[in-house]
Amino acid sequence: MKQLITAVAGLPGVGKTDWIRQQFTQKPTLYFSPATRVGIDQTRLAAEFPSVQFLADDQQAQLWNLLASGVTAYLELGYHLDLAQIAPILDTRDCHRVAIVPARRQAADWEEWADEIVEGSSTATDATALWVANTTGHVIDPDSLEVFWDELTQGAYGTVSRAKGIFELADGLSVYGDFVAGRKPQFDELNLPRWLEGRPQRLSGIEVWGNQLDENAIAQTFQDCCLSDAAIRHYQQQVKEMLIEEAIT
Amino acid sequence: MKLAVMSCIHGNLPALNAVLADIAQQKADKIYCVGDLVGYGPYPNEVVERIRTLNIPTCAGCWDEDVVEGLNACDCSYPSLLAEKRGMAAHAWTNQEVTPETREFLAQLPHSLHEGNLCFVHGSPYSAHEYLLPEMDAFVAMERVLSTGADVLFCGHTHVPYVRSLDNGQLQIRITGPSVDSEQQLNFTAPFKQIVNVGSVGEPRHGRPNATYVLYDTETQQVALREVAYDYQKTCAAIVEKGLPPIFAWRLARGLEYAEKAEDPTHVCVR
Chain A
0 MKQLITAVAG LPGVGKTDWI RQQFTQKPTL YFSPATRVGI DQTRLAAEFP SVQFLADDQQ
60 AQLWNLLASG VTAYLELGYH LDLAQIAPIL DTRDCHRVAI VPARRQAADW EEWADEIVEG
120 SSTATDATAL WVANTTGHVI DPDSLEVFWD ELTQGAYGTV SRAKGIFELA DGLSVYGDFV
180 AGRKPQFDEL NLPRWLEGRP QRLSGIEVWG NQLDENAIAQ TFQDCCLSDA AIRHYQQQVK
240 EMLIEEAIT
Chain W
0 MKLAVMSCIH GNLPALNAVL ADIAQQKADK IYCVGDLVGY GPYPNEVVER IRTLNIPTCA
60 GCWDEDVVEG LNACDCSYPS LLAEKRGMAA HAWTNQEVTP ETREFLAQLP HSLHEGNLCF
120 VHGSPYSAHE YLLPEMDAFV AMERVLSTGA DVLFCGHTHV PYVRSLDNGQ LQIRITGPSV
180 DSEQQLNFTA PFKQIVNVGS VGEPRHGRPN ATYVLYDTET QQVALREVAY DYQKTCAAIV
240 EKGLPPIFAW RLARGLEYAE KAEDPTHVCV R
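Protein sequence lines, in the order shown, are assigned to chains A and W. For the first sequence, the residue numbers in numbering that gives the first Met the number 0 are 0 to 248. For the second sequence, the residue numbers in numbering that gives the first Met the number 0 are 0 to 270.
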């Protein structure tokens, strides 16, 4: 019989969310990622799979109720979590453990924990520092974001092995920034409506894994990329006028 | 005569010294500088002093103008909010650092210099802030050179060196309008012209930290781009020590311009 819970673990950037995403294309279900200070992966998946149920950290009671009712769930376990601490909780459930392991690397570290080993991105590396920021309400200038992301991923603020973020842009659109060391950084537009009335009240944030991170410099540079209330109003007005014009023609 | 032309020193004294040494080795007869002695870098006064002592003919760069006149940005000045904030921080630092003598020297720099059929400007003949990008529309590029009356226009400002030949360009102008009886068509054959962008001594943007400048032979019209390695770590350390944003040092070491960049070749500066 197939287990109701699939717990997925692995190094930052190895492809945990992507693997879960592939499972969603076959069978929409429930997603929960415990102890994430900013639900970047959750927000990204929610934009792509509106039929999947997503629960926040404070909805754990609901999670157990749903599981009791037979809903299948994917639990994404961030690298910052101590898997040994979580094991007793998972042991009380009929849980299938999947470890995503970098391609061409020893899976020995995971063999004891995992029921199944899946090959992930070969470029995922270990990291000692995690910096997370909830940036909800901030709107970023796209040209500045490009410079900031280049500097961040090229090591201007410490060695970065993994970075991801959701950013609200001046044109009301929301983008997902994705970087794993050794791979080219990329941005993907999220399937969300344009936010054109004041500061966006939906989640945005950044998560950076690396070594010797200059957290203050990262935070300050991000802040320097963000638009003022007046600038946000100005751009939103421009976009609204453009959309009206497009609708007429 | 062998001319050395340089630009965009940006307060980087070690880079300037290395370029001057290379120029001496190349046995150039005369040196021209097309501006931006200050801005971003940690040695604005020292760079000005060196240029002044050596009596190098120099025209005003956009940064030199801004230090004298105050910031007065056009769209091309800052391509992003982050660039603008960094530019403002660098301007404030430089403005505080420069001595009255430096400011006085910068204030008397001419917009352009001429020698025979050569013209020297920082950005374009119209503005020290305008970028003459290699992709700029050929008609506009030709117009910019023709407006100087010269055959070869030397410029800087983009921090990426290039040579563009405008080879016997055919110009066609159609005139229509209420005051014109019928459409008039005028044809011109513009003579051979060249734009030579000399790159940047103190803040390269070609992916390497090396300083660049140009040698020009007035007899053969040959242009040689020189790339000079220097102890950029010394400048990087001074950037941090003197209280400029450390990101400037990080970008300098990688041959990335700190903040400004012009990506729109159709943009015409209105500053």
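Hints are supplied without guarantee of correctness; some may be wrong.
To be verified - No more than 20 angstroms apart at the CA atoms, straight line, and that leaves these computed lysine to any residue pairs for SDA-like:
no., chain 1, residue 1, chain 2, residue 2
1, W, 84, A, 219
2, W, 84, A, 193
3, W, 29, W, 49
4, W, 84, A, 192
5, A, 239, A, 183
6, W, 84, A, 239
7, A, 183, W, 253
Calculated directly from the structure, the hints in this document are not laboratory data.
A quick look at each hint next to the structure:
no.: 1; hint: W/84 / A/219; verdict: holds, 11 angstroms
no.: 2; hint: W/84 / A/193; verdict: violated, 27 angstroms
no.: 3; hint: W/29 / W/49; verdict: holds, 15 angstroms
no.: 4; hint: W/84 / A/192; verdict: violated, 30 angstroms
no.: 5; hint: A/239 / A/183; verdict: violated, 33 angstroms
no.: 6; hint: W/84 / A/239; verdict: violated, 27 angstroms
no.: 7; hint: A/183 / W/253; verdict: holds, 18 angstroms
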